[in-house]
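Enquirer: Residue-level listing of the chains:
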Amino acid sequence: MEYEEFCREQLAGLVRFAAALTGDTELAQDLVQDALIRAYPRWPKVSRLDRPDLYLRKMVVNGHLSWLRRWYQRSVRSSHDLIEAAHPVAADPAARIADAGHLAELLSGLSRRQQAAIVLRYFEDRDDAEIAQVLGCGQATVRSHVSRGLSALRIRAKAERAEASS
Amino acid sequence: MTDHDLLRAALTERASRAPDPEVVLANTTIGIRRARSRRRATAVAGTVAIATAAIAAGVMVLDRQGPTQSAHQVQPATAPTQQSSTARQASPGQQLPTKPSVSATLPFTFTAPAGFRWDNWSVTPSASMVDLRNGTSQVNALLTPTAPRQGGHQGNAQPTTVRGSQAELRQLTPASGGPVTVQLVWQPAPGTWITVTSSSAELARSVADSITLTPSDPPEAGAVASLPAGLAVSYWGRGNAGMTTVMIGPDEFADKTMCATLNFRSGTAPNEVTTSGQGQRAPLSAPDADGVRHTPDGRILVRQLDQNHWAQASLGTSAVTAAQLRDIILAASAH
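Sequence lines, in order, name chains A and B.
With full-length UniProt numbering, letter number 4 in the first sequence gets 4, and the count goes up by one each step, no holes.
With full-length UniProt numbering, letter number 268 in the second sequence gets 268, and the count goes up by one each step, no holes.
Hint data in this document are derived by calculation from the structure and do not stem from the laboratory.
Note that the Cβ used here is the ideal one computed from N, Cα and C, for glycine as well.
Worth double-checking, as some hints may not be accurate.
[To be verified] Partial list, computed: chain A residues near chain B (C-beta under 8 Å):
1) A19
2) T25
3) Y55
4) L107
5) Y122
In isolation and in its complexed conformation, chain A is listed as follows:
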């Protein structure tokens, strides 16, 4: 598959994957652009892979992880975030559970690899082998990421329901 052809076929899905992973338009754009630019000079090799689409997702995920590492070194919580943390808004618990945006907030509390595994499984419907290829780990590790990620989500959602009703 040619580079230009790959972009035409896969770019829409790739930017949606990056947005689902990050929840941030600007960051998703940066990650996909970086991945495509870095993939271009290696394309003769990349295009011979069985699944160049998974390879590009791997580049996006790795970029996200390294971006987070850089960001953590210099990030400072904004005053708005501190106010939110000190005075959480207690909404109707039923409404909060049903709110997709809130569930996305919970997702952001998982480890980055758990997030990536959850996005690949539940947004892209990838199987264990595909997710393992993207994350560069074994299939058992993938199942662990997904299982623990889901458990963490349920625990956090339950804790917030309890907090909201108290």
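Given the coordinates of chain A, work out where chain B should sit on it, guided by the hints.
Expert: Frame of chain A, contents of chain B only:
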């Protein structure tokens, strides 16, 4: 609804914040060009003496700007046209420039098949493309200064001709399966390659046979009468976001972080605008004497261009100043 369904809904909501693929593609093209320039400069520095390398780098910079693209050139405005491509006056045998104009001018003309309308289009210094759509049918024409890369589909390539030029007809099967895509690729002039892609061989052939290297104007492109000194357009196009976007920065290869963004939109300007990818919004001031409105931080300007069109100009980094942003939106017009 199960937890899994909620999770899928949450992720789908996050995915709806995806950036415009056309803008991503434009920035990627710019980034690739920059990376190539860096690699060339590195190669030169590694093989010749330092003094000679410095001279070579200077030549490369001059070459990149080109004889007609000085950094201080005021760019002309162009008028949009209707659905079909409208050719401009061109001298016979006109050679296509390898770096297209930074105005909203496609470096080729084509005839859209019956029922097809313009979907996405873009003009950048390194590629120009248009997508035509009729329901689920689609055909894409792409013009690049270099040959499209050869991939893993050579077994299905056949020689043919397009308007008397040698061409290649390719049948491409996506790695993930799905319908076969047909591509016609030919070189109509030195330094100019055209690729027409469609799921239908007839459609690809129809559009390919109609293409000439006469510049034409896309519809609903908007226009900018002049640019502030020192600024150039790096991208002009209409992507999936459904509005025309112009990226303006310190040079024609500036990436988006260095650019101000000008959007042309239909209808009446709103009273508040989105200020971040996270959906944060900010109110707009009342119009000043020139009809310009601004957000409280002054980073976004809005102006009603006519009864049916408005424009929004947004600052990127300090590469474009607030005064230049104001000049840009004052120079914008719908036609």
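Enquirer: If a hint holds in the structure, say so; if it doesn't, say that too.
Expert: Do the hints match the structure? See the list:
no.: 1; hint: A19; in the structure: holds, 4 Å
no.: 2; hint: T25; in the structure: holds, 3 Å
no.: 3; hint: Y55; in the structure: violated, 11 Å
no.: 4; hint: L107; in the structure: holds, 7 Å
no.: 5; hint: Y122; in the structure: holds, 5 Å
Violated hints amount to a single one, hint 3; each of the other numbered hints is respected by the structure.
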